Each structure stands twice: as C-alpha cells, then as structure tokens.
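Using the sequences plus the hints, can you model the full thing?
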Amino acid sequence: MQAELFENETLTEVNDKIKLIQNPKGLTFGTDALLLAAFVRRDQKAVSAEFGAGSGIISMLLAARGKLGHIYAVEIQPEYASICQRNVKLNCLEEKITVCRSDLRDFVPSSGLGTLSVVFTNPPYMTVSAGYRNTDDGKFAARHELNGSIFDFCRAAAAQLNWGGAFYCVYRPDRLVDLICAMREAAIEPKRMIFVFPDKLHSPCLVLVEGKRGAKPSLCIPKSLYLYEDGTQTPTAELEYIYENGEFKP
0 MQAELFENET LTEVNDKIKL IQNPKGLTFG TDALLLAAFV RRDQKAVSAE
50 FGAGSGIISM LLAARGKLGH IYAVEIQPEY ASICQRNVKL NCLEEKITVC
100 RSDLRDFVPS SGLGTLSVVF TNPPYMTVSA GYRNTDDGKF AARHELNGSI
150 FDFCRAAAAQ LNWGGAFYCV YRPDRLVDLI CAMREAAIEP KRMIFVFPDK
200 LHSPCLVLVE GKRGAKPSLC IPKSLYLYED GTQTPTAELE YIYENGEFKP
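FYI, numbering that gives the first Met the number 0 numbers position 214 of the sequence shown as 213, with every residue one higher than the one before it.
Take the hints with a grain of salt, since some may be wrong.
Restraint-style ranges between C-beta atoms, simulated for each label pair [stated by the list, open to error]:
#1 Phe-247 / Asp-173: 28 to 34 Å
#2 Glu-78 / Glu-246: 28 to 34 Å
#3 Lys-248 / Ala-214: 37 to 43 Å
#4 Gly-163 / Cys-91: 31 to 37 Å
#5 Pro-216 / Ser-81: 40 to 46 Å
#6 Lys-215 / Leu-4: 18 to 24 Å
Hints are computed from structural coordinates only; laboratory data are not their basis. None of the values given here were measured: they were computed from a predicted structure. Ideal placement from N, C-alpha and C gives every residue a C-beta, glycine not left out.
So this is what it looks like as structure tokens:
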C-alpha cells in the first residue's frame, strides 16, 4: 500500500518492517518506544490499551510481533490520532488495533470499565512548568503533562484494568518517585523495574516499570540494560537481541 504524505511528513521503515509516517517537527520514533514494546510481556489473548499512542509505533510493534491480543491506541491530539490511524491502515493492522481519539481520562473500551488485561504507556516526562516552551504544540504536549499528569495516567489505567491486570510504563529516572507514588495511589503495585543506561560511563537515562493492579508488595529489579559499548554508538549484545526478537534477553 502506498502512503500519502502531507506537508512536513516523512515515511520511514523501522523495526519489524513497519512503515511509519512521522512529522519530524513533532513526535518521532525513539529508543524509549522500542524498549517499552520489548518490556511488555507476551500475552496473546490480552485485550489492551496504549495511553498516549502518538504515531502508534508501540502498538504496531506489539501487534506485529503478536505479543498482545486486540489493542486500543488512545490519543487525544487530533493530528496524531490521524497519523496513528493512517499508520495502522498502511501496515494492515486494522484487525489488531483500534485507534481512539480520546482523552485517556474519558476513554472506555467497548467491553466496559475494568475489562482490560494490559495498559502500556510512554507518558509525558515533564511537568508543564519544566523545560522550555517548544514552538510545536504537539511536541510540547507529548513531553509535558499538558493533557494529564502521571497521576491521571495511573488512575485511568487502574479504572480500565481488571484485577491483576498489568501496567507498563517507560519514564525518566529523575521522576521515578512520582511514578511509584502515582501507581501506589491507584492501587497498581510496582512488580518489576529495569534501569536503562546509555553505557557504563553514564547515569541511567530511562526506567521501565511493570505493575499489577491489586497485587501485594514485592519488587523485582533485574540487571540493568546498557544500550551501547562504552563511549561508542555500537549496540550491546542485549540491545541487538531486543532489535532482533522484540523482547528482553532472558
């Protein structure tokens, strides 16, 4: 299928031969999306939702690998909801992904509240007052909590998840306390956490957290992930494994 591109849009082929329409001035595919898709556990019968789907890349990576059942890709910004819908159609994933233009706080799946098995998200990392004001409204909203705080994301996830359902999030380490507090407040117990480092010479750049709705306290922290060999752009064996398999190395 040929992609029709509008002004400022580009077409790129990314992992798993997914064709991705992007606006380089706005949201673009990054390592955080790839890692979150790999971090989500395989559950082929799970009905799930992505909160803040953007271009839809995380949902499409999961659908292409067959890691989840049906996925609702929820996106509040109309321009990105449109790009997400076009990407899903371009990659022939309409039967696996339903794009929903909605505020995540108002979203309800067709099966009703509390019926999802999985919610995953790459939410805005910064408070509204943090950093500079990007001239692109879409990029500003993607990076700042303009359309909901991390507490809103966790409350909305808890409302949609069935008892024992899984919540997955990629976030910045400097806001990890806020994420854990938001999860606990929403009765989503942190169960697995992996810190991601650029290499062994630098501090962590990302953290991946899995939680379970209504679970008892008990946190597993597997070994950290290093993306590149020290001082180079050469991927480590662990990152190469993720590129190849769409999952973390056992």
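* Hint says 37 to 43 Å; check whether the CB-CB distance for Lys-248 and Ala-214 agrees. => Between Lys-248 and Ala-214, where Cβ atoms are some 25 Å apart, the hint is violated.
* To do: Mind checking the hinted window 28 to 34 Å against the Cβ distance between Glu-78 and Glu-246?
  => This hint holds: roughly 32 Å between Cβ atoms.
* To do: Go ahead and decide if the range 28 to 34 Å is satisfied by the Cβ distance of Phe-247 to Asp-173.
  => Cβ of Phe-247 to Cβ of Asp-173: about 23 Å, so the range 28 to 34 Å is violated.
* To do: With respect to the beta-carbon atoms only, verify the hint that Lys-215 and Leu-4 lie 18 to 24 Å apart.
  => The hint (18 to 24 Å, Cβ to Cβ) is violated, given that Lys-215 and Leu-4 are roughly 50 Å apart.
* Asked: Taking 31 to 37 Å as the hint, is the beta-carbon distance of Gly-163 and Cys-91 inside that range?
  -> Since the Cβ atoms of Gly-163 and Cys-91 sit about 32 Å apart, the hinted range of 31 to 37 Å holds.
* **Hint check for Ser-81 and Pro-216 - Cβ pair distance inside 40 to 46 Å** => holds, 42 Å
Violated hints, listed in ascending order, are 1, 3 and 6; each of the other numbered hints is respected by the structure.
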